[in-house]
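With our numbering applied, the sequence shown covers 604 to 876.
In short, the hints are calculated from the structure, not lab data. Take these hints with a grain of salt, some might be off.
[As the list claims (entries may be wrong)] Taking lysine-lysine pairs in the DSS-like style, the calculated list, with each CA pair at most 27 Å apart, reads: (1) Lys608 / Lys747; (2) Lys608 / Lys684; (3) Lys777 / Lys635; (4) Lys808 / Lys732; (5) Lys647 / Lys777; (6) Lys684 / Lys747; (7) Lys747 / Lys860; (8) Lys816 / Lys732; (9) Lys816 / Lys747; (10) Lys777 / Lys860; (11) Lys684 / Lys609; (12) Lys609 / Lys777; (13) Lys732 / Lys747; (14) Lys747 / Lys609; (15) Lys816 / Lys860; (16) Lys647 / Lys747; (17) Lys732 / Lys608; (18) Lys647 / Lys635.
Bear in mind the structure is a predicted one, so any value in this text is a computation, not a measurement.
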Amino acid sequence: METLKKQQSLSILNLISVLFAIGINYYSQIYKINGNTVSDISQKYNNLFTPAGYAFSIWGLIFIGILIFAGYQVYRTFSQKQPMDFITQIGGWFALINLANGLWIIAWLYEYMLVSVVLMLLMLISFIKIILNTNMERWHAPAKTIVFAWWPVSIYAGWITVATIANITAWLTKIGWDGGFIGEFWWTIIMIVAATFINLLIIYKRNMREFAKVGVWALVAIHIRHHYDMLMIAIPAMFGALLILVYVLNQGYRNRKTNPVLKYLQGDKNTGN
Numbered sequence: 604m605e606t607l608k609k610q611q612s613l614s615i616l617n618l619i620s621v622l623f624a625i626g627i628n629y630y631s632q633i634y635k636i637n638g639n640t641v642s643d644i645s646q647k648y649n650n651l652f653t654p655a656g657y658a659f660s661i662w663g664l665i666f667i668g669i670l671i672f673a674g675y676q677v678y679r680t681f682s683q684k685q686p687m688d689f690i691t692q693i694g695g696w697f698a699l700i701n702l703a704n705g706l707w708i709i710a711w712l713y714e715y716m717l718v719s720v721v722l723m724l725l726m727l728i729s730f731i732k733i734i735l736n737t738n739m740e741r742w743h744a745p746a747k748t749i750v751f752a753w754w755p756v757s758i759y760a761g762w763i764t765v766a767t768i769a770n771i772t773a774w775l776t777k778i779g780w781d782g783g784f785i786g787e788f789w790w791t792i793i794m795i796v797a798a799t800f801i802n803l804l805i806i807y808k809r810n811m812r813e814f815a816k817v818g819v820w821a822l823v824a825i826h827i828r829h830h831y832d833m834l835m836i837a838i839p840a841m842f843g844a845l846l847i848l849v850y851v852l853n854q855g856y857r858n859r860k861t862n863p864v865l866k867y868l869q870g871d872k873n874t875g876n
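Input sequences plus hints: build the corresponding full structure.
As structure tokens, then:
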């Protein structure tokens, strides 16, 4: 009973934090903060790693996902009165991520770029903690746990990982750093290689294919942005995206028996943990 009460409190905290993050993001786009929108500042500190503008539409999917995730926690703990180990395992880390997300918007729009980097790193570290605590994607969970918990967290974490690289690059642009002795071009290539490597590693070590699909999305957007003017960046970005995609498809085929859709169709109605 104590466990359930604790999880109920955490589920409410997580839902409030999600609404806070979504609310701040929505307000900043509709009414602006400090006279700016997120895209305004992105354009101001534009750099070669910045993807095509459409890439940022992924926030819509992320917000829908985490709203479903938070709602599912409340449903499980209040309506069904069923404990959910995942809630205890993530503790306050998920709420911290959403708090940092909202604060990041404010820091970004007031052009406190170093503060925005710190907040982005805080989100990234919190995601790492969640992934390690839950051991997500490394055990045969019920279909509902995969769809309503693992996938929203994986997609969110995947974008924050790419965004962290972009945020650091934007901060370096603000302080006038242009790649040092290697130049901005080679710095961008290094960032593309790093993003590709991180996503391949996360598939190999954690089987987090949804995380890696976000990496594909971002790298394709970098390719599209530079397709007509800088093929020497566009081609490596597309190569990295295809490399990740092939690995994702290969892992998906090899682990097809754990596909949540197939699990559900085969009668897996277990709510699990």
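Quick rundown of the hints versus the structure:
Simply put, Lys608 and Lys747 have alpha-carbon atoms about 22 Å apart, close enough for the 27 Å limit, and the pair holds. Between Lys608 and Lys684, the direct Cα distance comes to roughly 10 Å. Compliance with the 27 Å bound is thereby established for this hinted pair. For the suggested pair Lys777 and Lys635, the alpha carbons sit about 21 Å apart, so the restraint of at most 27 Å is met. Of the pairs offered as hints, the one joining Lys808 and Lys732 holds, with about 15 Å between alpha carbons and a cut-off of 27 Å not exceeded.
Pair hint Lys647 plus Lys777 holds up; C-alpha atoms about 9 Å apart against a cutoff of 27 Å. Annotation: proposed proximity of Lys684 to Lys747 holds, straight-line Cα distance about 16 Å (limit 27 Å). The straight-line distance between the Cα atoms of Lys747 and Lys860 is roughly 15 Å, inside the 27 Å bound, and the hint therefore holds. For the given pair, Lys816 sits about 21 Å from Lys732 by alpha-carbon distance, which is consistent with the 27 Å threshold.
Pair hint Lys816 plus Lys747 holds up; C-alpha atoms about 20 Å apart against a cutoff of 27 Å. Restraint check for Lys777 and Lys860: the C-alpha separation of about 48 Å exceeds 27 Å, so the hint is violated. Between Lys684 and Lys609 the alpha-carbon distance is near 12 Å, which keeps this suggested pair within the 27 Å criterion. With a CA separation close to 44 Å, the supplied pair Lys609 and Lys777 exceeds the 27 Å bound.
Note on Lys732 and Lys747: the hinted pairing holds, with a Cα-Cα distance of about 22 Å set against a maximum of 27 Å. Using a Cα cut-off of 27 Å, the hinted pair Lys747 and Lys609 holds, with the two alpha carbons roughly 21 Å apart. Restraint check for Lys816 and Lys860: satisfied, since their Cα atoms lie roughly 20 Å apart, inside the 27 Å limit. For the given pair, Lys647 sits about 42 Å from Lys747 by alpha-carbon distance, which is inconsistent with the 27 Å threshold.
Restraint check: the Cα-Cα separation between Lys732 and Lys608 comes to about 23 Å, which is no more than 27 Å; the hinted pair holds. For the proposed pair Lys647 and Lys635, the alpha carbon gap of about 16 Å is at most 27 Å, so the pair holds.
Against the hints set out earlier in the document, violations occur for numbers 10, 12 and 16.
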